[in-house]
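Student: Sequence:
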Amino acid sequence: MAEAPASAPAGSLFVLNSLDANVQVLDPASSSDLRRVPVLREPHHLVLTPARDLILVGDSGANEMFLLDPRSGEVRRREPISNPYNLGFTPDGRRLVVTSLRRNQVDIYRWDGTSLALEGRLQAGRKPSHVTFSPDSRFAFVTLQGEAAAIAIDLDTRTEAWRAEVGRDPAGILWHRGRILVGVMGGDYVSVIDPVARRADRQVTVGRGAHALFEGPQDGLVYVTSRVDSRITALDPQTLEIKRVHEIGGGPDCLTFDADGTIWATLRWTGRVAAIDPRSGVARVSRVGRSPHGILFTPATGA
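All you need for the numbering used here is the position in the sequence shown, starting with 1, plus 1.
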């Protein structure tokens, strides 16, 4: 694999090494370690607060949330949270939704900018995994890995509003231009849900082990990782037709984008991260810890 240019915007790259139980903070330009933050057992996903002043890291194996400084990685505080696997803030920034893959629950928290307050808990079904939201913040959409479905949760009533069958072992989920896109790990496709009709009406083939979905910050392309075929597929934002395919060994899982639009991917099976030029596909691969999962770039000035 060719070497990508070493230059990168100033900032920090946060990588969750699930099997090493730490958060690795890297310099994106050199891929050198800035800090390693130990957690207790098994971090998987992370999210920036709406004010961009904290990073929330879910340590699912330890039932704990770590709140980190988004530039230095310093631990600001820790809070007990029940098996936090995936997590996300509503677009209005008022709620945090946390899925529990092992306890079959979805927790809904009120967020006031500084602290969390549990509003309710929904027994959602088998293996609630990833989460996305409607633009008006009324609904959360959660994949159920154990039920081949995605569900819509009314966040005001904290009840299941409807569900759609999508295919075996669904994982990543993304609200995109009035549609809900789901990566189907047990297949090789993205399932497209019409939220008005409340059913999946299309499949987009991307590669075996279709996993997580991310919207590019500059081009609007939808990027889909496929862990089995080990590729990242870029879809047209309107038609969902394939525009580019980046073949990258190691099982790409989660993505983040730096200020220049470079794609940063965790390579789950090989303990590495890759920096990929979205136009040329040229990549620079660096070693990190074991089973890297969640990843987030934060700029040097303001997150």
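Keep in mind that the hints were calculated from the coordinates and are not lab data. Take the hints with a grain of salt, since some may be wrong.
What the hints assert, rightly or not - Pair by pair, the computed Cβ-Cβ distance ranges are:
#1 SER31 <-> ASP157: 29 to 35 Å
#2 PRO92 <-> ARG280: 18 to 24 Å
#3 ARG42 <-> ASP113: 26 to 32 Å
#4 PRO218 <-> ASP157: 17 to 23 Å
#5 ARG178 <-> ARG79: 33 to 39 Å
#6 ARG111 <-> LEU20: 31 to 37 Å
#7 ASP220 <-> PRO300: 39 to 45 Å
#8 LEU119 <-> GLU161: 28 to 34 Å
#9 ASP261 <-> ARG178: 34 to 40 Å
Idealized CB from N, CA, C, for every residue including glycine.
Student: All hints are to be evaluated individually against the structure, with a verdict given for each.
Tutor: Comparing the hints with the structure gives:
1. SER31 <-> ASP157: 29 to 35 Å: violated, 47 Å
2. PRO92 <-> ARG280: 18 to 24 Å: Given range 18 to 24 Å: violated, Cβ gap about 29 Å.
3. ARG42 <-> ASP113: 26 to 32 Å: Roughly 28 Å apart at Cβ, these two residues keep to the hinted range, so it holds.
4. PRO218 <-> ASP157: 17 to 23 Å: violated, 30 Å
5. ARG178 <-> ARG79: 33 to 39 Å: Holds, at about 38 Å.
6. ARG111 <-> LEU20: 31 to 37 Å: Taking Cβ atoms as reference, ARG111 and LEU20 lie about 33 Å apart, which means the hint holds.
7. ASP220 <-> PRO300: 39 to 45 Å: Hint violated: Cβ distance 19 Å, outside 39 to 45 Å.
8. LEU119 <-> GLU161: 28 to 34 Å: violated, 18 Å
9. ASP261 <-> ARG178: 34 to 40 Å: Given about 25 Å between the Cβ atoms, the range is violated.
Hint compliance for this structure: hints 1, 2, 4, 7, 8, 9 are not met, and every other hint is.
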